[in-house]
Amino acid sequence: MRIRQGYVRPEARGRGLFRELRGRVLAHIEQLQATAVVRLPAAAAEHLQPYGFIVSGTRGRWVILEKAPHETP
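Just so it is clear: in the sequence shown, position 43 is 60 by this note's numbering, and no numbers are missing.
Misleading hints may appear alongside valid ones.
Claimed, not checked - The calculated label-pair distances, taken between Cβ atoms and stated as ranges, are:
| no. | residue 1 | residue 2 | range |
| --- | --- | --- | --- |
| 1 | 48 | 23 | 25 to 31 angstroms |
| 2 | 41 | 81 | 21 to 27 angstroms |
| 3 | 31 | 85 | 30 to 36 angstroms |
| 4 | 60 | 21 | 14 to 20 angstroms |
Calculated directly from the structure, the hints in this document are not laboratory data. Glycine residues also receive a C-beta, built at the ideal position from the N, C-alpha and C atoms.
Modelling step: build the complete structure from the supplied sequences, incorporating the hints.
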């Protein structure tokens, strides 16, 4: 399952909304026992690594992260 985008408008930031959305998406993917794949700038990769994502590839300044089912911190 590919995680495509996540964005919280400035007026809604600081309330934990993105953290909640990320948690729900990851829980849903885990329930499906699917592999999660995300491509993002290398500087942002550290934010998903604590959730069990590992770097599976790079392309310029971008990295591809994957998380197999049941890989949790």
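Evaluated hints:
1. 48 / 23: 25 to 31 angstroms: Cβ of residue 48 to Cβ of residue 23: about 19 angstroms, so the range 25 to 31 angstroms is violated.
2. 41 / 81: 21 to 27 angstroms: 22 angstroms, holds
3. 31 / 85: 30 to 36 angstroms: Holds, since residue 31 and residue 85 (Cβ atoms, about 32 angstroms apart) stay within the stated range.
4. 60 / 21: 14 to 20 angstroms: Holds, at about 19 angstroms.
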